[in-house]
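*Asks:* Chains as they are written, first to last, in this note's numbering: chain A, 1 to 634; chain B, 1001 to 1382.
It cannot be assumed that every hint is accurate.
Pairs of lysine to aspartate or glutamate residues, derived as EDC-like cross-links and limited to a Cα-Cα distance of at most 20 Å, are as follows [claimed, not checked]:
1) A:Lys619 - B:Asp1028
2) B:Lys1095 - B:Asp1046
3) B:Lys1085 - B:Asp1099
4) A:Lys320 - B:Asp1028
5) B:Lys1127 - B:Glu1088
6) A:Lys370 - A:Asp400
Hints listed in this document are in silico derivations from the structure and should not be mistaken for laboratory results.
No experiment lies behind these values; they were computed from the predicted model shown.
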Amino acid sequence: MSDGRLRVAAVGYLNARPLYEGLDREPASSRIRLDCAVPSEVARRVAEDEADLALMPVAAAATIGDLRLVRGCAIGARGAVRSVVLVGERPIEELEEIAVDLSSRTSVVLARLLLRAHRKGSEPRLVGLGPREAVAHVGQGRGALVIGDPALQIEGRFPHVMDLGTAWNELTGLPFVFAAWCGRPGALSQDDERLLERAKQAGLERRHAIAAEHAERTGLAVASLRAYLDEAIHYELGDDERRGLERFYDDAARAGLLPAARVRFYDEDRKTTTAAAPVSLDALLSRAAEGQRLSAAEGLRLGAEASLFDLGLAADAVRKRRHPEGVVTYIVDRNVNYTNVCTTSCRFCAFYRPLGHPEAWVLTREQLGKKLQEVVDAGGVQILLQGGLHPELRIEWYEDLFRWMKSTYKLGLHALSPEEILHIGRLEGLSTRVVLERLRAAGLDSVPGGGAEILVDRVRRTIAKAKCTSDEWLGVMRVAHHMGLRSSATMMYGTVDTAADRVTHLVKLRDLQDETGGFTAFFCWDFQHERGTKIEPGENGTLLYLRQQALARLMLDNIQHVGASWVTQGPEVGQVALRFGADDFGSVMFEENVVSSAGTTFCMNADAMETRIRAAGFKATRRNVHYQWLTPPA
Amino acid sequence: MLEVIRSKVERAERLSADEGLFLFRHPDVVAVGLLANQVRERLHGDRAYFNRNMRVEVTNVCVASCLFCSFAKLEEGAPGAHTMKLEEAWAELEKRMDDPPSEVHIVNGLHPGLPLSYYEDLLKGFKRIKPDIHMKCFTAVEIHFFAQLYKMTHRQVLERLRAAGLDSLPGGGAEIFHPDVRSRISHDKATADEYLEVHRVAHSLGIRTNSTMLYGHIETFEHRVDHLLRLRALQDETKGMQAFIPLAFHPDGNGMRNLPAPTAIDALRTVAVSRLLLDNVQHIKAYWVSMTPEVAQIALRFGADDVDGTIIHETIYRAAGSRSPSGLTTAQLVRLIQEAGRIPVERDTLYNVVHEHPRAALPEAALKVRDRMAARHLEVLS
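Given these sequences and hints, build the entire structure.
*Replies:* In structure tokens, the structure reads:
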């Protein structure tokens, strides 16, 4: 991958272009390899060490944490920015609902801070929509946050506009910084910085040509675009801009919208003989225990440096604040695999068989009915139904099955992980949304979070080549959540993943949860490897499980429940895990095929679960998939 | 009270019975473990001990009728009752001589018909096969039984057996000392005072011993504290106890089969409070057979500094439904300890260091990332 050049990623938007003018040509290109992408992708590359430096939104930089900035270069505004605006038919202060593109985190956080300031704390409801849909959404009490070219296109269309650059400047007297060059400490030399500075000078000189090119492509007025680049966008990052950015970071952290972040320049690392004064581990732990948002860098540091007890106590404190009743829930449900036929051949799986294999099967209605009746008889409330990706089962098969199950047995249907939804979509040539809508109409109640493994594509390619990418997995969940379907979230670690990958995984879940709020709970477990799997175990073990679960509780500040995976860790360790941040004990186990075919076979009935919950110092109650209590805790 | 206890622990002051009771009852087991871990790390740093041992049970014929036991059969000739020929017992060691253990651990039923010479010959035979093998044999309950059966004093029995090769005594048979419990679960074997007296005599002869507590059945936390404090008092007197081993009661197939199975939280709590109360006992053992290897790993962070040994062929707990394997290899034990973030130290029975293994590369690849960042920092600074 690396050819020794600095790997630089930048957003391809108009206002960014003056900052990297000429970086893709000699002489700069012998030192720098430049790629353009959308903002979230640019940030991801730095987070996953696929880029050394990126022109990224400042909220993304705070989420990654412990990055350095290049002094002198930024995309900001000292007053009106024009391309980040709240619009409405009524005064912005009176809007009840605002449509936003939730993936534009920096602008969304800025909008929320300004709305809070203007409305004395009360906030309108935010709904996630794409930019075009957002504009169409405007009307009655509904406004929209519009960003980029669409914002320039609608100038003058709405009677009420709040330019976020202007509003920030009026509120704070400071400039705002939307994006800057950010990278890991030590990634950049002084010479590299000079290249960036020269690119900016060249870019500013070519601003009018850039505006003209963009006008030709988009049909926007050249004069308007020139003025936009000349006057609205402010490319400086000096002391004033730094104060503006620090103020934004402080306000956002106080509001719980971003991890606490500091601004530090590469040249400061070079000037001083000591590294930036680190936050003490104690301070970090107490922030974590208070439930404050942690950056990826902070999560990584806690995972590496905090003791088992520190992590456990901090996670337990968070658990206690979220669930002060001292109740641990569990569910009586049954994990049913409708087929063991699967086309993905994941190397960690000992369960699947190819189509036509003598040991391949699909459950008959009779077999399934017997299992479901047993669940009903045992007072169960739900079926967790998953495959195999069977290459010949059509969507009608699932629809018929779901309708039959729902009409015959009154059980919740928690079915088909994202991988299966995608598989059915490919097979039928249907979008994720249509697949989910049809399945929901047939009886689907919620979506299990399986198959997430580690949401870092380098890891996924190694352990499950044929499986969906991280973005595809998250994309299915996004669609499901937007439709009102809830899901769980999972993580399977302990193959080729590193601690950094595991933290990245947690941050990706947290980011999506910020957007949708659709995850009910998080479960993690380590790779189970006793027989039939084709890869060696990586980092696992009991203590790592407890640390990992505790760290997840600390990082996932927007997911309500964390479950202890006793099925993989055993009832004993599962019980101990209840003191390491979990508030749920998972499911009574009738059967489980996938993990048990790799060698883990634990069983526990409801009495034994309750005994263990109580012995750990909690009250026990049964729940449904929405974590509602079904029995009085006792 | 936790604050008072915390400051006493920091000053290494002795805890009272009330404080022990408070710790047993404290709802937050992690907070209790944290205190125990402080003591554990003060005494042993990051070291965690294990040895290479093997278990032999030469007879399960037993005159006692302990309610908690799924192993002993009352009479010779009953179905499943078995007494080994001496050659059978010795063969257990002979077949392991290419990678021999350093300790043979023998505990038995109380057999009414075997002569003392059987046990003397048993010991001598093992020493013939491997002269430096350490024979850790016969609980205090067995020694007391021998004294009654052969009409000898404890001292005479111990001296005879030592002459035949006995090196130290295991800690079994302590159960729960308090008579309210002991009279109900094991009324027909050595009393608490008799158990402690055997240990006292052994110590006076220079024979080291371990001690145990079987918890998690009908006893209360008061009984556990009472038990621990009796051991602490004896240790003040003799200093002869090497290690204390809390043993969880397993309910399958015995007279208390309707009681719940042990839980990990109780195991960790008991390890932790034992560490805190037994300030004069050097080692607290997380006996992996009793608590599963996984919970033993956690226990190494809750006050324990030892996980016992490779065992090979444990049968007593398995008879009572323990899911633990019947033995672990040295490599498995080393990994178990390394995964707990401790330094594996192979010891002999008397806690002399045989071999100190390396600490694991910490299980966190985060460290590698950090090193890489640090390296970049250094490049920048140089």
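*Asks:* Does each hint fit the structure? Answer for all of them.
*Replies:* Consistency of the hints with the structure:
1. A:Lys619 - B:Asp1028: With Cα atoms ~14 Å apart, A:Lys619 and B:Asp1028 stay inside 20 Å; holds.
2. B:Lys1095 - B:Asp1046: violated, 35 Å
3. B:Lys1085 - B:Asp1099: violated, 24 Å
4. A:Lys320 - B:Asp1028: holds, 12 Å
5. B:Lys1127 - B:Glu1088: The given pair, whose Cα atoms are some 15 Å apart, holds under the 20 Å limit.
6. A:Lys370 - A:Asp400: holds, 18 Å
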